[in-house]
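*Asks:* Residue-level listing of the chains:
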Amino acid sequence: MQPVNTQHLRNYPKKPTQVYLFGTCIVDSFFPDSGMDAIELLEREGIEVIYPQGQSCCGQPAYNSGYKEEAKAVAMAQVKQFPLDIPVVVISGSCGGMMRHHYLDLLSDDPAINNFCQRVFEFTEFLVHVLRLKPIDQGEKERVALHTSCAARREMGVHITGNKLISQLANVDLVLHDYESECCGFGGTFAVKHADISAAMVADKSKHLVASDVVRYVSADHGCMMNINGALDYQKESLRGEHIASYLLNRIKGQSKAQSKGQSAKEAL
Amino acid sequence: MKHVHEEESKYAASAKDFRKNVTRDLANEELRANFRGAMDYLMDKRKSAFSSADELEVLREQCKLIKQRCLAKLPHLLEQLEDKLEHNGIKVHWAETVTEANEIIAQLIAEKKAKTVVKGKSMVSEETALNDYLEARDVECLESDMGEYIVQLAKQHPSHIIMPAIHQNKQQVAQLFADNIDGFEYSTDVDTLIQQGRTILRDKFCQADVGISGVNFAVAETGTLCLVENEGNGRMCTTIPDLHIAITGIEKVVEHLADVPPLLSLLTRSATGQAISTYFNMISSPRKQGEKDGPKEVHLVLLDNGRSQAFADEELRQTLQCIRCGACMNHCPVYTRIGGHAYGTVYPGPIGKIISPHMLGLDATTNLPTASTLCGACGEVCPVKIPIPKILLRLREESVKPNREQPQVMQGQGAGRSAVEAIIWKIWAQVHKSPTLYALSMWCLTRCRFLMPKKLAGWTSVRTAPKLAATTLHQQIKAKQAKQGRG
Ligand code: SF4
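Going line by line, the protein sequences match chains A and Y. For the first sequence, the UniProt record's numbering gives the first residue as 1, with consecutive numbering after it. For the second sequence, the UniProt record's numbering gives the first residue as 1, with consecutive numbering after it.
Because the hints were derived from the structure by calculation, they are not lab data.
Simulated crosslink set (EDC-like; lysine to aspartate or glutamate; CA at most 20 Å straight-line):
| no. | chain 1 | residue 1 | chain 2 | residue 2 |
| --- | --- | --- | --- | --- |
| 1 | A | Lys68 | Y | Glu397 |
| 2 | A | Lys72 | Y | Glu421 |
| 3 | Y | Lys20 | A | Asp196 |
| 4 | Y | Lys467 | A | Glu237 |
| 5 | A | Lys193 | Y | Glu421 |
| 6 | Y | Lys73 | Y | Glu221 |
| 7 | A | Lys68 | Y | Asp313 |
| 8 | A | Lys193 | Y | Asp363 |
Kindly produce the complete structure, drawing on both the sequences and the hints.
*Replies:* Dropping the structure here:
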């Protein structure tokens, strides 16, 4: 399978009454508030969110490191946690791409895998194409940037759906930063294995985001944000990224990040 | 499988130094600026070459299918090509290794007692380090492509497969010419520089005994060697000297003449954004009776050098679809940062990461497949739709495979395996496939989060460390449900 963005060719289901949420291991251990915000946003839309407690990680770290058998075992264990025929909403484009596209390869000996992959939706994709969310913006006027993770962009089309959601916010000016589509340099173990290349990449990404003169940037992937926010914090820049679930919820509720519950922007590395 | 011997290649050693090279080149601000500027320019050029995304997609699919069809019939097409070429009067030579290729060429030159060679741009001759080989045998080998000429003067090798001297800016080239060319009139004007370079080269063309060139497409059906170029030097190399030797990789064969136009159109547009190159040469025979020019003898050397290893595996075979346009490197955020020389291989960038392991062994190139964020920019632009990120994953897998596991897919398989890493992933899998163990480990982690180090290897050299949450998402949801249950 070639990971290409074929999202626009998908048949989207009608708005369901129930969905599963796949929280991802990064959100689970570092950024649980983003997960809670995603749930709140979905519940406000009248959807019951089921969060199977048995879920852990999509398996991508091992898969990307060449440990296919290990990735397979973990992937299989995840699939078992989502038996009902309802959408699985994933709050990361990168993990979404793994579960929607790469599971087909990895778990090809499982006859039910196709059905599972068909049920996987990235969070913003789900909001735009299934919920057809029209967020009512109650927040103050501000300029923001959008950073789309590469897997989210190329495998899940999040640059389109993320853009669409933010563009609908009446008081938000979405600013395109230079080299917007360029990778931030995270790449999972890449950031550790090839730390100096990764450092050069995130230095450029953070520089371009700062130069775009926005109050915050928004992303659907905490992997990239851990990288970019970490670099911004190290450089003592005040700019931070926020998960799109939290951002949308705050805009709808008319809360700015500073007022909202949970992590302060500083904490949200 | 015949193993490529390391001593056969100076590149195996430099590829092993990847990390050192990266550190060196990342620190070179001027170099980084040169690459950034050049890559931005080439990306813009490519973008403006296609009228619509749909047109591009249709062409890419078409060209992918052409290359896949030709590769599926590769052994047969190679035989057909040999028959046709010999019938047309072009002599065919087969070389399994780079040394064999060099020996064949040196022998042909020696037979003519020739002493001077002009070369058109040929990455395959870089692969065999032909210049070094011939110079050691007292044959002067002059590069005639302007970029290659600059690189040769600077005693370097190409940093890009289409633009060999892209790592140099015009001031650096002017200085290089000033230091090396008698009577050079100092100028940093690009046209003046090229003009002066060309004047020197033109004399050499007329004196050379032998012309050496690459091949972009070798047509099996007609026995035609196609050569794409912009400077006219390729045409001169293949027409003026009495002996023309072409060298190329076995994957360059295409079935029909009709396969060439779509591939050519996509090649030039992906590479430089040109609708067509300035020159397109089709060589089908030596000089015939009554013709006024052209070489008296034409030879083709077909090189394997690890290609049949890639060919043997269906997934890795896709590597051979490459038409060497360079678009993957132009769009690669890693290549843009570290430049072409850091890879240490003949072919840099994404294509270099997936083809070099077959040429040099995965042991010499273990650092290449991991030096990618898998961002997918390369796969997105590749005109023949090679799933480069997917192949990088596959190479990572081959690299960490238990040593000598059968079947042996490639030379150097298992070279990147570390026992410690393997055990860590085993434990990781145990924890993440068991809900109980995962819950337990998260419970421990969140309780011990004050123990989390402030410094995390390379991560914290430019970033602060992320902080573990006090309560996980699992725990927060459980708490919320308990509250709702009570309420
Ligand atoms: S891999 Fe694709 S993009 Fe890269 S040089 Fe080859 S054909 Fe061009």
